[in-house]
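Undergrad: Just so you know, the sequences run in chain order L and G. As numbered in the numbering used here, residues 1 to 436 make up the first sequence, in order. As numbered in the numbering used here, residues 1001 to 1436 make up the second sequence, in order.
There could be a bad hint or two in this list.
Stated by the list, open to error - Taking lysine-lysine pairs in the DSS-like style, the calculated list, with each CA pair at most 27 Å apart, reads: (1) L:K271 / L:K236; (2) L:K4 / L:K100; (3) G:K1337 / L:K18; (4) L:K271 / L:K337; (5) L:K236 / G:K1271; (6) L:K4 / G:K1018; (7) L:K100 / L:K173; (8) L:K173 / L:K236; (9) G:K1004 / G:K1100; (10) G:K1004 / G:K1173; (11) G:K1271 / G:K1337; (12) G:K1271 / L:K18; (13) G:K1018 / L:K271; (14) G:K1124 / G:K1004; (15) L:K4 / L:K271; (16) G:K1271 / G:K1236; (17) G:K1236 / L:K18; (18) L:K18 / G:K1004; (19) G:K1173 / L:K18; (20) L:K271 / L:K173; (21) G:K1337 / G:K1379; (22) G:K1236 / G:K1004; (23) L:K124 / L:K173; (24) G:K1379 / L:K173; (25) G:K1018 / G:K1100.
These are computed hints drawn from the structure, not numbers from a lab.
Protein chains: 2
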Amino acid sequence: MLEKVVLLSTGDELTTGKIADTNAQWLADRCLSLGLDVVAVLVAGDHRDRIAWAWERAFELGDLVVSTGGLGPTSDDLTTETVAEVLGEPLRFDEASAEKIRQLFARLGRVMPENNLRQAQFPKSAVILENPLGTAPGYRVTCERRLVALGARDAATVTRHLVVMPGVPREMKPMFDDQVAPWIRELRGSTDVILTRTFQTFGMSESALDEAVNAVVRPEEARLSFRASFPQISVKLLVRDQPGRAEARLAEVGQRVRAALGPVVFAEGEKTMEAAVGDALRERGATLAIAESCSGGLVGHRVTEVAGSSAYFIADYVTYTNAAKMDVLGVPRETLKEFGAVSEETARAMAEGARRRSGASVAVATTGIAGPDGGTPDKPVGTVCFALSADGMLVSRRHQLWGTRDWVKLLTSQLALDWVRRWALGLPVLESGFRR
Amino acid sequence: MLEKVVLLSTGDELTTGKIADTNAQWLADRCLSLGLDVVAVLVAGDHRDRIAWAWERAFELGDLVVSTGGLGPTSDDLTTETVAEVLGEPLRFDEASAEKIRQLFARLGRVMPENNLRQAQFPKSAVILENPLGTAPGYRVTCERRLVALGARDAATVTRHLVVMPGVPREMKPMFDDQVAPWIRELRGSTDVILTRTFQTFGMSESALDEAVNAVVRPEEARLSFRASFPQISVKLLVRDQPGRAEARLAEVGQRVRAALGPVVFAEGEKTMEAAVGDALRERGATLAIAESCSGGLVGHRVTEVAGSSAYFIADYVTYTNAAKMDVLGVPRETLKEFGAVSEETARAMAEGARRRSGASVAVATTGIAGPDGGTPDKPVGTVCFALSADGMLVSRRHQLWGTRDWVKLLTSQLALDWVRRWALGLPVLESGFRR
């Protein structure tokens, strides 16, 4: 029975505050998808006795221990010799692995330091996991141990599986997905497949999403999880079933979820809002201009994070002063005087000016008070006005946002991008928004 | 003797991959500054037996256990009752804490759910740590335990200290700094103070910094640590000595480090490059305009992350197309035709156009190939040209940057900001740059 997992992260960089343990986060998410229960995460610095302690304790808790880090070539990389010691196994030198390391150095035209060959050593019973992206292979071992497991009264002989991988995320992640996950599925002895589908949403609170999705998905059909990385929240469906049946059910349930959430879903998988905007603009054959005040360039920055955005993005006019708004965007002096820089009237003039000046199909404009200063009783910090101009269309709305300066800027950029996405898809723009 | 610390993080959000354990990272850094050694980090989900296991194990390893999380009001918040059980102590209800929680709800005009009073319960011997920012107070306990410590052969009675804090970072951090750190210093029984000074640098590699700083700082004078959060690297000096002596030594050693590193230090403490740019512009009484192509708005976005940037920032012209460069910035068609959009000539015309149009004291311009497509043998991906225009000054330089699209954009924005900073401080602009 393989059910409980312990994640074991090794490295002084984790115990001295240099980096956060993002490997454990990533692996915990993967384990959840595999139907495993992460019982604990243990982090140890580069000390042999502490690493050994962590392995001994991990065996008490988990059927499976997944370790990252401590496989480097230097003398403070102690994982493999400590694991061998804990297992009571000698090390063996693997000539095939050594040859791959030598070749990697040769390809880079560099001389291999002799200590890199430490990375070709493994506990005797290890099955090697290849690392196409680096010099440190991983490995896995299955062993029998006599111990008192958590929750048990007496010592017993139990089977323990262990996986050892390098700590570099770009080497570790494909190693897990390509070599470890299939092995875990096999070990779990089920021919079931586990499939997931993720919807990226913007505009509903987590509790509203929870309610809407639960209304159309029965618990036995799919497992649901929500993850807020504000201003967006992802909804993940997890289906476990026989091949064929799983795909069909996921498609069917996913269909219902999309229908229930409607335009609040802006993308699937890991796609960002700015990439969804790009797709929608390309699809429509449209070009984009931006006029920003309070968001200060963030909307343009996000749009240009997408490779190939030069196909639809023309210009972003970041006009922070009134003079720049008049000069570059032709906002009338009277509009600024009568309604103020933070007004729907000014936002509309900015959007129209940006579209006129650039010749773009659509232009979106933002103007507001990012704070922490500059608020008034009438227009408190977080007041932001939006406008969108396109052929035969000019809309605007005032929103009351909240939070610190960077937060107001981020929310502003998210709304502006969602307006453009909705326009490009022919959806009602003014329905964009969100509740706290 | 208080030397070894275990960090214990509790919460299902950590064992299901919802969030990374950034509290542990922050605390590990703080512990290092206090002269403590973080022996392990243990993470447990919201299960009573697993939390109890983690506490028992933590006592084996650490003189001090610092716990975060599991202090919420709901039934899956199990830290306090589990700690009381592990300590063998009853819970006591603290009326003063309960009253504060009631008042907090009253201030927010909300009805207090009855279960919030769970947060006014503490193990009997606990000393309460106030939480001015939330409903969950923390607490600390000192106890005697009989156990086999790591590295010991036999059971012995040892003193253990424990600190329990809420998991919300904005509540936990001030609680640690204001109430826990002073107590730890006192416990350590030394009248020494530990002082730190951090320099933010841009333009030297970690190894070059290491060499330069070590040439002027002897190991017994101060402890050094480097942290790369590319494109910048911080250099931290840590001095431990008697009050008065410590301040004097830190000032003296810091002086030497600043002199050795020169303009590569752009700020001290946690200050960002964009804030340093703002300070330098204010100091000079100058205003800023920006002209961006490949960086797509990121320079403007960073400048406007600083509160009060409207005092010096006028406008950012993000001209992605040639047409926009000609229209908004007046870049001559012949310049674009003869040298291309990615050229020092175009960058110069962009900077001059931005300054002319805005009336700003200084304008900086970027134009390049962010990738992944668009490179040529002559101008590969990562080629970026910069220019700066100011009264009586026009300079430009071509840089070859590297990495993915977002990376090239980030490096571009960093160089552009550093140019403005150097100009405002009267430093040689063209010496800005960095080695890999």
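Undergrad: It remains to establish, for every hint, whether it holds in the given structure.
TA: Status of each hint after checking the structure:
1. L:K271 / L:K236: Holds, at about 13 Å.
2. L:K4 / L:K100: 34 Å, violated
3. G:K1337 / L:K18: 48 Å, violated
4. L:K271 / L:K337: 42 Å, violated
5. L:K236 / G:K1271: 38 Å, violated
6. L:K4 / G:K1018: 18 Å, holds
7. L:K100 / L:K173: Cα-Cα ~20 Å, so holds.
8. L:K173 / L:K236: Distance ~20 Å between K173 (chain L) and K236 (chain L) Cα, so the pair holds.
9. G:K1004 / G:K1100: 34 Å, violated
10. G:K1004 / G:K1173: 20 Å, holds
11. G:K1271 / G:K1337: Given that 27 Å is the threshold and the Cα spacing comes to 42 Å, the pair is violated.
12. G:K1271 / L:K18: Roughly 18 Å separates the two Cα atoms, so the pair holds.
13. G:K1018 / L:K271: Judged against 27 Å, a Cα distance of about 18 Å means the pair holds.
14. G:K1124 / G:K1004: 25 Å, holds
15. L:K4 / L:K271: 31 Å, violated
16. G:K1271 / G:K1236: Roughly 13 Å separates the two Cα atoms, so the pair holds.
17. G:K1236 / L:K18: Cα-Cα ~12 Å, so holds.
18. L:K18 / G:K1004: 18 Å, holds
19. G:K1173 / L:K18: 17 Å, holds
20. L:K271 / L:K173: 19 Å, holds
21. G:K1337 / G:K1379: 15 Å, holds
22. G:K1236 / G:K1004: Answer holds: K1236 (chain G) to K1004 (chain G) is near 22 Å, not above 27 Å.
23. L:K124 / L:K173: 25 Å, holds
24. G:K1379 / L:K173: Judged against 27 Å, a Cα distance of about 33 Å means the pair is violated.
25. G:K1018 / G:K1100: Violated, because 31 Å separates the two Cα atoms, which is more than 27 Å.
In this structure, the earlier hints numbered 2, 3, 4, 5, 9, 11, 15, 24 and 25 are contradicted, and the remaining ones agree with it.
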